[in-house]
Amino acid sequence: MATRQTASLARLMRAPAIILLLIWMLIPLGMTLYYSFLNYNLLNPANTSWAGWFNYQYFYTDPAFFEAIWNTIVLVMGVLLITVCGGIAIAMLIDKPIFGQGIVRILVISPFFVMPPVAALIWKNMIMHPSYGVFADIAKFFGASPVDWFATYPLLSIIIIVAWQWLPFATLILLTSLQSLDGEQMEAAEMDGAPAISRFIYLTLPHMARAITVVVLIQTIFLLGIYAEILVTTNGGPGYASTNLTFLIYRAARLNFDIGGAAAGGIIAVILANFVAIFLMRAVGKNLD
Amino acid sequence: MGRITLEGVAKRFGDVEVIPPLNLDIEDGEFVVFVGPSGCGKSTLLRLIAGLEDVSDGRILIDGKDATDESPAKRGLAMVFQSYALYPHMSVRKNIAFPMKMAKVPLDEQNRRIDAAAKALNLTDYLERRPGQLSGGQRQRVAIGRAIVREPSAFLFDEPLSNLDAALRVGMRLEISELHNRLETTMIYVTHDQVEAMTMADKIVVLHAGRIEQVGSPLELYLRPKNAFVAGFIGSPKMNLFSGETAAEYGAATIGVRPEHIGVSTEGGKWKGRVGVSEHLGSDTFLYVEDTGLAETITVRSDGEVRLRHGDTVWLTPNEDKIHKFDQGGDRID
Amino acid sequence: MARAISRNSKIGWTVAAWLVALIIFFPILYTIITSLKTEQEAIAGFDLIPSFSFSSYETVQNQNNYFRPFMNSVVIAVGSTLLALIVAIPAAWAMAFSPTKRTKDILMWMLSTKMMPAVAVLVPIYLIFLRTGLMDTRTGLVIILMLMNLPIVIWMLYTYFREIPGEILEAARMDGATLRDEILYILTPMAVPGIASTMLLNIILAWNEAFWTIQLTTTNAAPLSAFIASFSSPQGLFWAKLSAASTMAIAPILILGWFSQKQLVRGLTFGAVK
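Chains as they are written, first to last, in the working numbering: chain P, 1 to 289; chain H, 1 to 334; chain F, 1 to 274.
If you are wondering where the hints come from, they were derived from the structure by calculation, not from laboratory data. As the structure is a computational prediction, the values presented were derived from the model and not from experiment. Be a bit skeptical, because a hint or two may be false.
Restraint ranges, calculated between C-beta atoms of paired labels, are given here [said to hold, decoys possible]: (1) P/F99 / H/E178: 52 to 60 Å; (2) H/L168 / F/W109: 31 to 39 Å; (3) F/I86 / H/S177: 29 to 37 Å; (4) H/S135 / P/P206: 30 to 38 Å; (5) P/F66 / F/T188: 36 to 44 Å; (6) F/W109 / H/T199: 52 to 60 Å; (7) F/I11 / P/C85: 42 to 50 Å; (8) H/P237 / F/T188: 47 to 55 Å; (9) P/D62 / F/W109: 43 to 51 Å; (10) H/G276 / P/D192: 52 to 60 Å; (11) P/F200 / F/F26: 44 to 52 Å; (12) F/I11 / H/S38: 51 to 59 Å.
We put the beta carbon where it would ideally sit given N, CA and C, even for glycine.
Chain P with its partners taken away, still in its complex shape (with noise of 0.2 Å):
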């Protein structure tokens, strides 16, 4: 009786989440859906038709297209190698007992809450400038001459902003999980002989599998999205050859005002972003239990 009291009192307390949520997710996505059958331009709004798979074919048959592809993929695939290989030792280092530990746990994460646009300038400007960044400094001092790096190197360039900003996260997280190592556990490998680099390969590892894949599936969501750090920095170029998916499809919706071309490559991105979806889902939920 009382129990059947909770049980509708908690619907109701449940129900504006799940149904903004619902809204967030079923009306802007039916949207994209609809546009990406539609000739639709919005500097010719009154000429819109049906196109039928027109926009995905338009947008299969670009060149651009799997350049773009193919950008997300080295951009993803880069960020993460630096990323968790970094992480992995920089948390260790942290990890080893050190002076001022704090200090140091700060310095490093700071990156992290530095928002995307600022990062893209300070290294843009700053540090990879070919006239005035430090790189440049560094270059000169050693008698070379300096890079102009988004010109010469533009998506590397990027992988290299990106895996500054996400090293700190990876970093703090796989401290976490490092510290949550049984202490003992090693003591007992010592005792059997083991030698650091069996230790880290059959007890440091497998330990932190767990947080490592965590790192790659949620920094995979996030890094497919990236858009600020190339806006501001290449704005794409030169020519596609910084341009990501994310970067592709905001220039056809909002350079070229092309909104049919735009939802299809949406939808693209949406099928994508699944992929890697299920498999967080999965070890997410993995630990609901």
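Using the hints, position chains H and F against chain P.
For chains H and F alone, coordinates are given in the frame of chain P:
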């Protein structure tokens, strides 16, 4: 007053019957212990009495009044939880005061009761601390204090000592017994530890798979276990149970002999065996005798000065008057 | 002997860790240093000691009216967070304290909405904003950022609420507390720390959001993220000024962030790593 009667009380979770319909009478002022292995339904039964779970069938009477549909608060019972369930954000004083605040007891009366409880439980110096700053035993006392000040008609204890270390457990056991002697209020105490049950209870209720196996005083349960389950559960070390030919000799499916009812000799006796492990406790010696051909090991309780060692050959003789006999279904044969 | 070695190794690890930490922190440090230089100093080559001139800060404020985007950021970050909390607290509460068979599915579904790439709904949201007059308004951004972060907020609160042991609520019920008493005296005080850390993390996320804020604002409602992004081309040549604007944009959140390290792990991994 605290007379509690269960009439055909049953509990089902979905299709799973956790407690089949059972009847039980708890007299006013009694110290009743529900004991049984984990998962036997003893905690569920306590929570049904508390009103924290709704019964699926039957009635619960408190002092003759039907309390089946009463809310927990209105039943006039107080509960001490396994985790103590202290409010972490309140001081000890506020924790103890909370039930009285809810009952709108006048403030000076509140303070009087808190001071009395704190004095009785040695908490006077800790009243302004938070639960997080207390030791396990102190937290336990706060939980009891919170129960006492309500002046309930019965106390319910849900495995209250299981989070304490062995030494503290013995001390708290005594304190709770003393509390019962002083207050003379009904107490229902749930535990899986038969030693706690034997030492504290006026009446023990042995539960197994939701059913009541036996109700009786500690000595009744020890002397005349109603079935093989109770026989094996009550008593420490455990009773030796034999089946097969040995039992058939006595006209039973299973027979049981307590370790303290087996004589040991190095010269001769009924069963021959070899000493496996011997534990010398000073007052007693526990011998685990192997290779008897009857059971894997037979536990024997002997006096403290027996000097037998691993590998010695011994003869065992059960005290014939103290042999318990059980039939095919495990019920006692007299 | 053994102790001497471990002391030496501690010093060794300390040096290594500090070196790595300083390299990682260097871009931020150098920005702060440059913001304290004059424009001439800023382009004069590598130098870690500024003249401690605050003129760049003044320029940013005078020329660009820094105060407006700053206030926009505050209103949007705090507003969207409070709104999300109002919706999320009851929901997380209900799911934590009276779970049903479907609770787990609902939570997973909520999480799945977070997986939707923002760019996928750029077109409809952009058009809706154009037609409803929400474009370039704080209200519009508050709504969007609230919806965007709602799943994280619900998840974080849920994991915090679940840590409140059920026995405490039962104890309160035994002690005669009504539902109102339970919420007022037991649950709320115990839930406050969790709610506070959720709020903190969400403010950080909203403050740093840089897709919708750039897409859906122009001047009036532009928060710092959009304001800074507009620095990308023409004014980019003023190093000290850019550094001053950047420093002001990140300083408040950097400090908040330092306080929320632990909660960050929990919130961003949806409780999967604690």
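Hint check results:
1. P/F99 / H/E178: 52 to 60 Å: holds, 54 Å
2. H/L168 / F/W109: 31 to 39 Å: Since the Cβ atoms of H/L168 and F/W109 sit about 47 Å apart, the hinted range of 31 to 39 Å is violated.
3. F/I86 / H/S177: 29 to 37 Å: Between F/I86 and H/S177, where Cβ atoms are some 52 Å apart, the hint is violated.
4. H/S135 / P/P206: 30 to 38 Å: Given range 30 to 38 Å: holds, Cβ gap about 37 Å.
5. P/F66 / F/T188: 36 to 44 Å: violated, 55 Å
6. F/W109 / H/T199: 52 to 60 Å: Given about 53 Å between the Cβ atoms, the range holds.
7. F/I11 / P/C85: 42 to 50 Å: violated, 26 Å
8. H/P237 / F/T188: 47 to 55 Å: Holds - the Cβ-Cβ distance for H/P237 and F/T188, about 51 Å, lies within 47 to 55 Å.
9. P/D62 / F/W109: 43 to 51 Å: violated, 34 Å
10. H/G276 / P/D192: 52 to 60 Å: violated, 31 Å
11. P/F200 / F/F26: 44 to 52 Å: violated, 28 Å
12. F/I11 / H/S38: 51 to 59 Å: holds, 52 Å
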